[in-house]
Structure formats: structure tokens, C-alpha cells
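Protein chains: 4
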Amino acid sequence: MYSFETNIRVRYAETDQMGYVYYGNYAAYYEVARVESLRHLGLSYRDLEESGIIMPVMENCTKYLIPARYDELLKVKVSIKKKPGIKILFCYEIFNEEGNLINTGETKLAFIDKSTARPCRIPEVMKNVLYPYFD
Amino acid sequence: MYSFETNIRVRYAETDQMGYVYYGNYAAYYEVARVESLRHLGLSYRDLEESGIIMPVMENCTKYLIPARYDELLKVKVSIKKKPGIKILFCYEIFNEEGNLINTGETKLAFIDKSTARPCRIPEVMKNVLYPYFD
Amino acid sequence: MYSFETNIRVRYAETDQMGYVYYGNYAAYYEVARVESLRHLGLSYRDLEESGIIMPVMENCTKYLIPARYDELLKVKVSIKKKPGIKILFCYEIFNEEGNLINTGETKLAFIDKSTARPCRIPEVMKNVLYPYFD
Amino acid sequence: MYSFETNIRVRYAETDQMGYVYYGNYAAYYEVARVESLRHLGLSYRDLEESGIIMPVMENCTKYLIPARYDELLKVKVSIKKKPGIKILFCYEIFNEEGNLINTGETKLAFIDKSTARPCRIPEVMKNVLYPYFD
Numbered sequence: 001m002y003s004f005e006t007n008i009r010v011r012y013a014e015t016d017q018m019g020y021v022y023y024g025n026y027a028a029y030y031e032v033a034r035v036e037s038l039r040h041l042g043l044s045y046r047d048l049e050e051s052g053i054i055m056p057v058m059e060n061c062t063k064y065l066i067p068a069r070y071d072e073l074l075k076v077k078v079s080i081k082k083k084p085g086i087k088i089l090f091c092y093e094i095f096n097e098e099g100n101l102i103n104t105g106e107t108k109l110a111f112i113d114k115s116t117a118r119p120c121r122i123p124e125v126m127k128n129v130l131y132p133y134f135d
Numbered sequence: 001m002y003s004f005e006t007n008i009r010v011r012y013a014e015t016d017q018m019g020y021v022y023y024g025n026y027a028a029y030y031e032v033a034r035v036e037s038l039r040h041l042g043l044s045y046r047d048l049e050e051s052g053i054i055m056p057v058m059e060n061c062t063k064y065l066i067p068a069r070y071d072e073l074l075k076v077k078v079s080i081k082k083k084p085g086i087k088i089l090f091c092y093e094i095f096n097e098e099g100n101l102i103n104t105g106e107t108k109l110a111f112i113d114k115s116t117a118r119p120c121r122i123p124e125v126m127k128n129v130l131y132p133y134f135d
Numbered sequence: 001m002y003s004f005e006t007n008i009r010v011r012y013a014e015t016d017q018m019g020y021v022y023y024g025n026y027a028a029y030y031e032v033a034r035v036e037s038l039r040h041l042g043l044s045y046r047d048l049e050e051s052g053i054i055m056p057v058m059e060n061c062t063k064y065l066i067p068a069r070y071d072e073l074l075k076v077k078v079s080i081k082k083k084p085g086i087k088i089l090f091c092y093e094i095f096n097e098e099g100n101l102i103n104t105g106e107t108k109l110a111f112i113d114k115s116t117a118r119p120c121r122i123p124e125v126m127k128n129v130l131y132p133y134f135d
Numbered sequence: 001m002y003s004f005e006t007n008i009r010v011r012y013a014e015t016d017q018m019g020y021v022y023y024g025n026y027a028a029y030y031e032v033a034r035v036e037s038l039r040h041l042g043l044s045y046r047d048l049e050e051s052g053i054i055m056p057v058m059e060n061c062t063k064y065l066i067p068a069r070y071d072e073l074l075k076v077k078v079s080i081k082k083k084p085g086i087k088i089l090f091c092y093e094i095f096n097e098e099g100n101l102i103n104t105g106e107t108k109l110a111f112i113d114k115s116t117a118r119p120c121r122i123p124e125v126m127k128n129v130l131y132p133y134f135d
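Residue numbers (the numbering used here), protein chains in the order written: chain U, 1 to 135; chain Z, 1 to 135; chain L, 1 to 135; chain W, 1 to 135.
Isolated chain U (complex conformation) (with noise of 0.2 Å):
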């Protein structure tokens, strides 16, 4: 299993008139936990795209139990626990100033060949320092 965890300050215009963050906007929130916990291990998610391997979302589910409010500074956790293969689930806790849990969220995700449009198995270099994690 691999984690990491991530801050996220909640911007005005990720808010609605309820005055909580738009449920659509924490898949931002994921997408930038999901990218910082790759960077952390020398992965670029922009040089696997320039490389020719894009990684579409195939699945999203969320629990809102919380709302996030604006300007709070979220701890996002995100978690990979399962060995990925031609797929890969990304699982997020996020956490608000006072420590409490507030949403949850599963992240599916392919790995497509942009020359093909295909999908294609993880690429050897997400392989070899992401299943160290799964021995």
C-alpha cells in the first residue's frame, strides 16, 4: 500500500450559495492529491501524457459527510492499495482543520496508448516504483 497526503486550500469559487464547496469540485481535489502522491515518488503525470500514455477516470464515488467550507485548509489523504495493473483505484480521505473526516472517494482510472486508443498495461516506469509498495 502506498499514501500520501496532501494540502488543499478551498478557493471562493470552489464554494455555492449553501456556502459548502460544490460536490462536483472535490474531484479536483482528488485529481491533485492523485498527482502530488506520483510527484512524490518521481513520477510526472505530464511527462506520462507527453510519453503517449493518458490515464481517463473510469469510475468516481464520493461521500460528502461534511461540507468543506471556504478557506479551509483540507488535509487530503489518498491511498493506493491495491497492486494496479491495467487499472488503477486511488482511494481519498480528506480532513478538515479540526481533524474531522469529511468526504471519501474511490477513484478509478485506465491506462490508454494515445496512438491506439487502447487500453494498455502500466507503464514500466509507474511499475517500478509503485509495486515496491505492494511486496
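Hints are computed from structural coordinates only; laboratory data are not their basis.
Be aware that one or more of the hints could be misleading.
Just so you know, same-sequence chains aren't split out, so a pair can sit in one copy or run between any two.
Unchecked claim - Pairs of lysine to any residue, SDA-like flavour, derived with a Cα cap of 25 Å:
no., residue 1, residue 2
1, LYS87, VAL125
2, LYS83, VAL10
3, LYS87, MET18
4, LYS127, ILE8
5, LYS108, ASP71
6, LYS82, GLU49
7, LYS87, TYR70
8, LYS63, LYS114
9, LYS82, PHE95
10, LYS82, GLY19
11, LYS114, PRO132
12, LYS82, VAL10
13, LYS108, CYS91
With the hints as your guide, set chains Z, L and W onto chain U.
Below, chains Z, L and W without anything else, positioned relative to chain U:
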């Protein structure tokens, strides 16, 4: 069961550099479909909020089958399959211009009394128009 | 001069905790108005991009006179007041349901040849339908 | 004059199918820069709102010189060049990782008393920390 269909044109703002609709933006499509399905029954979500009831999203799950692309006129079919009580569940199927099913999802919302910030039962006005579909 | 009007319903996603449409979201309303004004003339911006011309925004200015609010059906009037050449300028006036002018803006776009990434003149297909309005 | 710099990483959510940051998303970058520039002075915009003053945007102008791209770590320089009174003007310069100036903008905001919905003068707390920069 109550079903309703609405059309949504994909905006440039909603695409990402993959050339697909960003996965977080389907939440807004779902919102539009929910609100229009209620309006079709004579229910205004705006009025509901002004009367003191808000409906925050508790859970949202999405499967991305085929990417939606810029300028496509999507057909969003929204259904309420179970009689709502203290929660209401909306199910979605999105079709592209070729008629392919490209996205499915489910959203669970609560009814919250703004003055107490506590869950409440479905408002009478909504019950009156929705319950006949579940006899 | 060429003018066109289109209606846009404010989404919950577009509001912020002030209860107003977030100031950055008018850019998408302008985009919808531009694209629909061209479609009305038989021009598809999607087709234009597929033919190898993109139209990035060079400048955008907006005056926020009265806030737009959730669920309002806005009327967006878009005008091209000057004959376009290597740039095209769109002007906007947005009216709320009471008919009040709530927002004005201007957007300058360039024509860029995707293959060379260099500016080019207005495409013939657009010239043919727009120039008659400036005789 | 008061100036401040902050860094913002471009999210995938913020790109569009041109592969650029969508032109409407710079408004959120400006917002982050404004808020962080005030926080650096010990001012919390969240606290200001809670004290009953909101600062809606009255005008926003942006020049897009060079596109921002996915994953770039942008440097946003924000300046207040004129002593604020009943309005406050923020100026922005955004630089990409190569140090090129890619975007400039200006945003004029008002001070509004929430209880009366009427314009008011700059709050004392803000005056106290900002005015020394304009002596």
C-alpha cells in the same frame, strides 16, 4: 418511478486537454437534469431553498463509459426509482448524439432544514407531486 | 454589425457563497453566446477547430453591474460591431429576468493556424457569412 | 504600493481541449493571489466576510499573452498600486516556469456592508495594514 430527459450542450470550458469533458463536470450535468426534472413537475429548487429546505448531496457515483466531447448535444435521462423519504436518489444515463450510452451515475441527496441544520423529511410540496409516481 | 441573443440558465455549480454567480463563470456564458451566435449563421466552432483553426482569447474585460443569481434565466446579447480581420471582437450585454442590464463585456480572439501555431486571417467560411453584416 | 507573489500549480481540471488553461479560470488564480496577499499582511478575507463586509468584483480585465499549460507552476505577482478607498484595485502579472510574462490583469472590487447591501469604505482593519504602503 419518475423519469425525465433534458439536453445539455458541452461547453469548451468543460473540456480538458484530453479533449474530453473533465470527469468532475458531469456533476453539474446531473444537477441540471435533477433541477429540470423537478421543474417539469412544477417544483422549483430555488423556491424550495427560499422556503428553508436545502438538499445537499450525500453520495455521488459515476461510471465513465465513453468520453463526452466538445459541442456534443448530450441527452441526460434522470430517474427517481424509489419513493423518497428522508433521502432522495437520482439515477442518470447520458447519451451522446449517436445515441450511445456514455455515462451512468447515482446521486443521493438529503433534505436539510436550514434553520436547524438538521435532516428533515421530504417537503409536502415535493411529496404531493412525486408520490403519485410510486403508487 | 451582427447581433444575436441566447438564454442561459444559472447553474448551482456557478454560484458562490455570496449567493452570486462567481465572477470567473461569466467567461463561459460569453463562450456559449459566441458559439451560438456563430451556429445561428451556420458556422460550427467545432468544425472550425477540426479544419485546423483555433480561436484563443487574447483579451477579456467584464463589468459586473448587478449580480446574477441561481436559477435565473439570463439573456445574453452578443454583438460583433467591427469587421473582423486578424482578430475578432465580441461584445456582450447580459440581462436578468427583470430585464435589467447586469453585466457587460468584451472579448478579443485571434485566429491561429494549429499546424504552424501562428496567427492567420479570418477563415473564408467565416468571412463569407460575417462580412455581409459590415457592408 | 504593496506587492506579493504566490505560486499556483495548473490543475488538469483547468485546461481545455486546446491544451491551454481555459480563459475563465484565471479569475480563480487572481482570487487566490488576492487572498494570499492579504493573508500575508495578517488579513483573512474569510474573517472579513464573517464581520459583515463582502468584496464583490466590479470589473475584471485580462490580457492573455502566452497560454498557461497543465502542471506548470505559475508565479502570480499581485500589486495594489493605489491607496484603496471605497474601491480597491488589484493588478496581476503571471509568469510561467521559464520566467516569461504570460498574463496580465486588473480587478476592481467594492466593499459592501452585508446588512445593508450598500457600499462602504475600506474596513479599519484593512486600512491599518495597507495604508502604510501608500505614505
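How the hints compare with the structure:
no.	hint	result
1	LYS87 with VAL125	within (15 Å within a copy, 44 Å between copies)
2	LYS83 with VAL10	neither (31 Å within a copy, 28 Å between copies)
3	LYS87 with MET18	between (36 Å within a copy, 18 Å between copies)
4	LYS127 with ILE8	neither (27 Å within a copy, 29 Å between copies)
5	LYS108 with ASP71	between (29 Å within a copy, 21 Å between copies)
6	LYS82 with GLU49	within (23 Å within a copy, 41 Å between copies)
7	LYS87 with TYR70	between (34 Å within a copy, 23 Å between copies)
8	LYS63 with LYS114	between (32 Å within a copy, 21 Å between copies)
9	LYS82 with PHE95	within (23 Å within a copy, 32 Å between copies)
10	LYS82 with GLY19	neither (36 Å within a copy, 29 Å between copies)
11	LYS114 with PRO132	neither (27 Å within a copy, 43 Å between copies)
12	LYS82 with VAL10	neither (30 Å within a copy, 28 Å between copies)
13	LYS108 with CYS91	both (9 Å within a copy, 20 Å between copies)
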